[in-house]
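With the hints as extra help, turn the sequences into a complete structure.
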Amino acid sequence: MVAPAKKPYRVVGSRPVRPDGTDKVTGRANYGADIRLPGMLYGRVLRSPHAHARIVRIDAAKALALPGVKAVITQADFPAAEDAITDLGETASNLKWLVDNVLASDRALYHGHAVAALAATDPHVAEDALALIEVEYEELPPVLSVHEAMAEGAPRVHPNMHTVEMLARFSPGPRSEHDIPNAASHLRLEIGDLDQGFAEAEVVIEREYETGTAHQGYIEPHNGTALWNESGELTVWLSTQGPFMMRDQLARVLKLPVSKIRVIPMEIGGGFGGKIPVYMEPMAAVLSKKTGRPVKMIMQRDEVLFGTGPTSATYVRVKLGAKRDGTLTAAEAYLAYEAGAYPGSPVGAGGMCMFSPYSVPNQRADCYDVIVNKPKVSAYRAPGAPAGSFAMESTLDELAEQLDIDPLELRQRNAAVDGTRRIDGAAFQSIGNEAVMRAAAESPHWNSELQGENRGRGIAMGYWGNGGLESSAYATVNRDGTVGLVLGSVDIGGQRAALAMQIAETLGIDYEQVKPIVVDTDSIGFTAVTGGSRTTFATGWAVHEAGLEIRRELEARAARIWEVDASLVHYDDDGVIRGPEDRSFTFREIAGQLHRTGGTVQGKADVMPEGTGPAFACHIVDVEVDPDTAKVEVLRYTAIQDVGTAIHPDYVEGQIQGGAVQGIGMALTEEYVYDDQGRLRNASLLDYRMPTTLDVPQIDTILVEEPNPGHPYGVRGVGEVPIVPPLAAVANAIHQATGVRTRRLPASPRVLLEELLPEE
Amino acid sequence: MQDLRYARASSVAEAARLLADGGPTARVLAGGTDVIVQARERTRQITLFVDIKGIPEAVDLRAANGEGLTLGAATPCHQIYGDAAVTSSYPALIDAASLIGGTAIQGRASFGGNLCNSSPAADGVPPLIALGASALIAGPGGERRVPVARFTTGPGQNVLEEGEFVVALEVPAPAPASGARFLRFIPRNEMDIAVVNVASSLRFDGGEVVEACVVVGAAAPTALVVEAAGEALVGSPLSEESIAAAAAAARDAVRPIDDMRGSIRQRRHLAGVLTERTLRDAARRARGEEVVSHP
Ligand SMILES: Cc1cc2nc3c(=O)[nH]c(=O)nc-3n(C[C@H](O)[C@H](O)[C@H](O)COP(=O)(O)OP(=O)(O)OC[C@H]3O[C@@H](n4cnc5c(N)ncnc54)[C@H](O)[C@@H]3O)c2cc1C
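Protein chains in written order, with this note's numbering: chain A, 1 to 760; chain B, 761 to 1055.
Be aware that one or more of the hints could be misleading.
Label-pair distances were calculated between CB atoms; the ranges are [stated by the list, open to error]:
1. G814(B) <-> D522(A): 49 to 55 angstroms
2. V740(A) <-> V1051(B): 54 to 60 angstroms
3. A29(A) <-> S858(B): 30 to 36 angstroms
In short, the hints are calculated from the structure, not lab data. All C-beta atoms, glycine included, are put in the ideal place defined by N, C-alpha and C.
Structure (structure tokens):
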């Protein structure tokens, strides 16, 4: 449902069919698994069966003796890694750790950590050969939770690591004076005077929360095919959100100049942040170099769960101070997020986002990035924000109950507005937070009566900052009046359509006249990941600017044809070029004249826009809890969000619905299960339970459109914030239905039943 | 996936011979929804698949009036719930056939495969037991019949000897004034393994329960017939008290394990909950009321 808003646009805001749609539904679209090259070998990875072990010896002789096996590699086959920071966009990581995560060096640091890889002439032989690689391990004690890891005297996963004091998110400072075992870093975010804030409070409430490890759950497994040719050039076909990020990581791991590497992004079957780091792509490259043949590697489903980065399991403690009328005076949080085996959890974002929907003068968040013997986490949709918000929004719900204030009313009383300072000190500009809360208050869902037994309604807010970063685009005017739009942004969620629509709007032409194409890293300028809710925003800026360049050039061409001064020619927003004496060209007409006026016209732009608009969301959910089985059924769900301008409302709604469903999964069923030795017990989509279509109702959406003044069409990122509110919204609904506060998610039937049954 | 051979049998005798010749690493292939996964994941060593779907008796489906149901061991679920005679006379089988996996799985998965895979959580097994079904087994030594209740001997284990396979399942015709119901509990609403499942059947005579069978799955090494539940029910009209007594008997009888799919306490509790729910529905069906498989 779209709230009525004035729409001055012709194309923006309509719902055309996506250009890639037909090929995707007919199975013609090419994914990484479709790559087949002459002489191609098949690679497989041997993984550690232990959560923490010293690798004493690897003997590949028997594997190499198996007919068909062409090469076996270990980390010794990679160039030695020095310590350096490589920028991954959403997270930062040290090169040594990056390489060690790809293939273990002297120690395996998590169950499923890659230890060796091989290539063979057929996939069955490759699989058979894995069992023939002999690895001698010496098991070491694993640390498996932030509490264990940070305890005094805990075994240190990285013996030389010392807690670093962060100066700001992403900027590491000196060693901390308070070293904590396995805490890679500490970040303090703070505004105001916390003691003062609590002194002013009439009620103080403090609560603890935990969330489990959750995987992004993209359906397409990681894959990569590498060809390292005889002139030392590497070509890799793969599935990624960021071809340039892949290229740059490959360059660092393999010590190759970026000019020697060409990354060809195939269609992508989901990423959600998980398809940004390298995993087996560098192994495929080294295996190709060793064998002189192309090497294809595709992860099995269990390897995706074992060997790629999920999001952190977390521990968050929140303390709030408020006046009796609900005015918040102080907000404090302690957050410890599991980083996995190498630093880089999104804990800073957790601390950054959790209080942001509210105006609280005195705030502090202490954020700890904690090493444990689990897979290194990766970005996952609004990385870090859901867990922090779960804690904040649950505590607010309890505060509302204590103060006998309606939970939405409490939030509205404290709503952050333009000028409100965030915990990092920055002041908000042009935000739709209050408008979102108002739309929630006026929504049919919030105003409906919840009927029936064992039912409850929950509400929660969410915030996400959204990203900018670099994007390139160029557009070519064809003689037939169409425009070829060349993009470096991989299309995960309808970006081809959303970008084609923006340049069509700029040029005043029809959407169908634009032919977007996603190209490889040799064919366009550096473009950052499709992630961070940045693509429709930042690459949108680029296509708009490319469109403006075309407009200027076409004005010049028309002036030349009419033999008038260019200042008398104007390209209007309806796509008609008008000159003196009622002379005019449609876009199609002038396109047909280009070859006679100086040749093809291209517009191009390389941008790094500031002016990202933050996103706010409010979710409302009704649940029913079976009192006999503790199963939670989601009955009704409404997601309200400030989307800036919905360029293609279908895809905006799709993003919101998808995010909400992933959040529901984290709230109810999704979690990595480890045994006490740190072995992952549920590396399958049977026992790692993502919601199916039968587990969620239609997710209703209400789009609030507060255009972002930092973008020509008012775009703000929409993809990430919808995963933020569901955790607390569901937990708050469960509380209303049962009286039970679930402070650890997921609230699986097994866990919730313990709460509902009498104590034994 | 391991490299293996495939053979398609067109008669019972041919299948028995192929299996006997293939030795212990020859496996019957019915729908393949268990065994292909096992071959891929190498949880079972297999060198030969003997496909039985070309054997007419193994893909049979006959529900002759009053004579009971003959269900080919490899007959897929979708064919079972697509058959009007089976849906009207054996709704408890439909309860299971229509929830195993999802639509795609049901196009292949069979009751024979479900039984012979011998998982403690198999959804097809409790209703077969509650309905008094037996397995018709063929092998080098000829044919024999074993009640489904005694077929499975432990997780992944059953009474089949080398070279033997199940040709068909035979379910007696439902008696007048009888009804049965199967339910399972899973954390999601599809694509999951039963934390606990229960099938109950009841037969009434003049308002009194004269026969009762409660079978609990996923709560012991094999599906468990709760004798004490039957005893608590037989000989009196079905009442809140007798239902509660049967549920208590189920809770007492189960020997569940604690694993990531369920805790001991949860499984014990659910055995009681599902016993009560299946008994109520079985009674409704016995009275001729319609109880839809999945509301
Ligand atoms: C996605 C998915 C979801 C599933 N969901 C469920 C579920 O909800 N509930 C459930 O109970 N199961 C479920 N299963 C498991 C499986 O689908 C069922 O057990 C199914 O009934 C097996 O039947 P099949 O015909 O595919 O057996 P197959 O895989 O062909 O065979 C299973 C085993 O039995 C042996 N076998 C088969 N037929 C015979 C025979 N006639 N004689 C002797 N041995 C034989 C085979 O050699 C093999 O060892 C699921 C499986 C998948 C992949």
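Assessment of proposed distance window 49 to 55 angstroms (beta carbons of G814(B), D522(A)): Between G814(B) and D522(A), where Cβ atoms are some 54 angstroms apart, the hint holds.
A29(A) versus S858(B) beta-carbon gap, inside 30 to 36 angstroms or not: holds (34 angstroms)
With 54 to 60 angstroms as the target window, see if V740(A) and V1051(B) comply at their CB atoms. Because 31 angstroms falls outside the window, the suggested range is violated.
Comparing the model with each earlier hint shows a violation of hint 2 alone; every other hint is respected.
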